[in-house]
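J.: Here is how the chains run, residue by residue.
There are 2 protein chains.
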Amino acid sequence: MADKRPTIGMDLGGTNIQCGLVDAKGKILARDDTKTKADRGGDAVVERMIELIDDVLDKAKLKLDDVAAIGVGAAGAVDVNTGIVVVAPNLRWNNFPLREKLRKKLDCPVIVDNDVNVGAWGEYVAGAAKDQGDMLSIFVGTGIGGGLVLDGRLYHGHFQIAGEIGHTTIAADAGLGRRTLEQRSSRTAVANRLRRLIQTNHPSALVEITDGDLDKIRSRAIAEAIDQGDLLTIAVLEETARDIGIAAANAASLLALSCVVLGGGLTEALRDWWVDRVQEAFNKYVFPHEFRACKILMSELHDDAGVVGAGLLARHE
Amino acid sequence: MADKRPTIGMDLGGTNIQCGLVDAKGKILARDDTKTKADRGGDAVVERMIELIDDVLDKAKLKLDDVAAIGVGAAGAVDVNTGIVVVAPNLRWNNFPLREKLRKKLDCPVIVDNDVNVGAWGEYVAGAAKDQGDMLSIFVGTGIGGGLVLDGRLYHGHFQIAGEIGHTTIAADAGLGRRTLEQRSSRTAVANRLRRLIQTNHPSALVEITDGDLDKIRSRAIAEAIDQGDLLTIAVLEETARDIGIAAANAASLLALSCVVLGGGLTEALRDWWVDRVQEAFNKYVFPHEFRACKILMSELHDDAGVVGAGLLARHE
Numbered sequence: 560m561a562d563k564r565p566t567i568g569m570d571l572g573g574t575n576i577q578c579g580l581v582d583a584k585g586k587i588l589a590r591d592d593t594k595t596k597a598d599r600g601g602d603a604v605v606e607r608m609i610e611l612i613d614d615v616l617d618k619a620k621l622k623l624d625d626v627a628a629i630g631v632g633a634a635g636a637v638d639v640n641t642g643i644v645v646v647a648p649n650l651r652w653n654n655f656p657l658r659e660k661l662r663k664k665l666d667c668p669v670i671v672d673n674d675v676n677v678g679a680w681g682e683y684v685a686g687a688a689k690d691q692g693d694m695l696s697i698f699v700g701t702g703i704g705g706g707l708v709l710d711g712r713l714y715h716g717h718f719q720i721a722g723e724i725g726h727t728t729i730a731a732d733a734g735l736g737r738r739t740l741e742q743r744s745s746r747t748a749v750a751n752r753l754r755r756l757i758q759t760n761h762p763s764a765l766v767e768i769t770d771g772d773l774d775k776i777r778s779r780a781i782a783e784a785i786d787q788g789d790l791l792t793i794a795v796l797e798e799t800a801r802d803i804g805i806a807a808a809n810a811a812s813l814l815a816l817s818c819v820v821l822g823g824g825l826t827e828a829l830r831d832w833w834v835d836r837v838q839e840a841f842n843k844y845v846f847p848h849e850f851r852a853c854k855i856l857m858s859e860l861h862d863d864a865g866v867v868g869a870g871l872l873a874r875h876e
Numbered sequence: 560m561a562d563k564r565p566t567i568g569m570d571l572g573g574t575n576i577q578c579g580l581v582d583a584k585g586k587i588l589a590r591d592d593t594k595t596k597a598d599r600g601g602d603a604v605v606e607r608m609i610e611l612i613d614d615v616l617d618k619a620k621l622k623l624d625d626v627a628a629i630g631v632g633a634a635g636a637v638d639v640n641t642g643i644v645v646v647a648p649n650l651r652w653n654n655f656p657l658r659e660k661l662r663k664k665l666d667c668p669v670i671v672d673n674d675v676n677v678g679a680w681g682e683y684v685a686g687a688a689k690d691q692g693d694m695l696s697i698f699v700g701t702g703i704g705g706g707l708v709l710d711g712r713l714y715h716g717h718f719q720i721a722g723e724i725g726h727t728t729i730a731a732d733a734g735l736g737r738r739t740l741e742q743r744s745s746r747t748a749v750a751n752r753l754r755r756l757i758q759t760n761h762p763s764a765l766v767e768i769t770d771g772d773l774d775k776i777r778s779r780a781i782a783e784a785i786d787q788g789d790l791l792t793i794a795v796l797e798e799t800a801r802d803i804g805i806a807a808a809n810a811a812s813l814l815a816l817s818c819v820v821l822g823g824g825l826t827e828a829l830r831d832w833w834v835d836r837v838q839e840a841f842n843k844y845v846f847p848h849e850f851r852a853c854k855i856l857m858s859e860l861h862d863d864a865g866v867v868g869a870g871l872l873a874r875h876e
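Read top to bottom, the protein sequences are chains A and B. Heads up: the first sequence is residues 560 to 876, going by our numbering. Heads up: the second sequence is residues 560 to 876, going by our numbering.
Just so you know, the hints here were simulated from the structure itself, not pulled from any lab data. Ideal Cβ positions, reconstructed from N, Cα and C, are used throughout, including at glycine. Take the hints with a grain of salt, since some may be wrong.
Examples of chain A residues toward chain B, derived with CB under 8 Å [claimed, not checked]:
1. 720
2. 728
3. 731
4. 846
5. 850
Here chain B is said to cover these stretches of chain A; the calculated rule only asks that three of the stretch's residues, wherever they fall, bring their Cβ under 8 Å from a Cβ of chain B [what the hints assert, rightly or not]:
6. 707-718
7. 781-793
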């Protein structure tokens, strides 16, 4: 698109909506956010999205005419051809026609895609995977999501909802509930595992770090425990990094990827310690050895990946 | 390509070379084969390929001018941009410039790709995956290979050698040597496992079927044992089908595939018994449930997949 006007990028989550005015290089020129309040229903969420766009345009002293397109990354499964959000548990949506609803109220092209997908696109165009080839992003948060850019295009697959790396089985011989990547390696899974271990008398600095409230084991507490040299946390997170490395290696062996970008809360908190260990496991498990040239990278857009990626994707489409 | 002339398709293996004259619909109009004799060196293999092409053209009463292009599927890792066979243990080749060698001797366009890739392309254009969307083929033989057709194109990836589903880890918690799909589920792995079990006093009909020579456990013997209701063979092959189903489910979860085509000796011997069990495991492991619509199919081109696929790919390129 030769259009030099900026685009609007929105990251629509179950708790918050982030919105930014994004230029052609992925720079955020103005931004704002608001609560999603998904419990008020889909139409109310659409209203809040439109108000948020107005607020951002006001901040930038622009009107909707000054914007080339609007891109939304939604926390759910999206049919990109229709812009319908097929399933989004956190938004309480089933088959919600988000693009149509937005288009009715806004005289501007709108695209809707999955939030992890648009984040992957952001990293590909303007972040960690810039100037790289085929890439996978792995977003490690309360769950584990993935996004693929193959042959220079965001890849959606036959059923439109590709990228479910979190639901791949990496431990077929383990018990049910311990077989998939997400069951083993999401931040939720890691926190649950640490809590169980501590409750069965494994000593850990996490008790003090969380003031004894083990429900408070979050990414930041985990990072602090590792900084303090806590052996239990280090052991669990080393296994977790290995599992992520195995899943990344599986994808690279199948797809001959040039890089894998890690994002999400756990990545942001543990940074190099984490990325290095994932790369180490990746190198052990990937085949053939040529694929060791595939780089494990840390997100460069961090929490902005959704907004930037949605803005850039709207421009691209 | 509007060119109505047929193409030459070649399947270059470590033991045999198959060659066919292939029409636009993937029908083989004439064919012949010869031994590879890889031990005589690369140039000698190229000479034998050229003689074989001559033989097939003679049979069809055609000349090279009557052929639109030549496609070769080689048993090794191929850089499709250069037509160089990067590594091919069974052909004893390293960085062998096959396309250049053939072009010097033949006044005709030549393309070279991996044998499993061209087989996948054959199934996609003229076989089991015809009129389907994104697809993976899994070839279960002495090893396990894979080929991907994504967005209507044979997918090669950043390092040109995508499709290594056999080397994906599906059992991270198992011991070394029991973690990847190929280590668990190739015909070689299955035969070794059955032999070890029988040698440690597990009764099996395979003893009689192989006249007591357990080195003769091949796909056909396995099929016969299952036909006879041999519980040991059934138990091992059910686990094997489960592992293939898990690997297929992993690929489908990541890539939202419309179908997975099974080929190779084990598939050809066990047929519906095998495909049904792979589909059953696939349905248990794939996520989300929408992906259960992804079909596990049996190769329709069988041993001709390489020749037909190479011929059709040469036409397409």
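J.: Hints first: check each against the structure and report whether it holds.
T.: Verification of the hints:
1. 720: holds, 6 Å
2. 728: Holds. Min distance 5 Å.
3. 731: holds, 5 Å
4. 846: holds, 4 Å
5. 850: holds, 6 Å
6. 707-718: With 9 residues closer than 8 Å to chain B, the segment 707-718 of chain A meets the three-residue bar; holds.
7. 781-793: Violated - the segment 781-793 of chain A has 0 residues with a Cβ nearer than 8 Å to chain B, which falls short of three.
Checked against the numbered hints above, the structure breaks only hint 7 and satisfies the rest.
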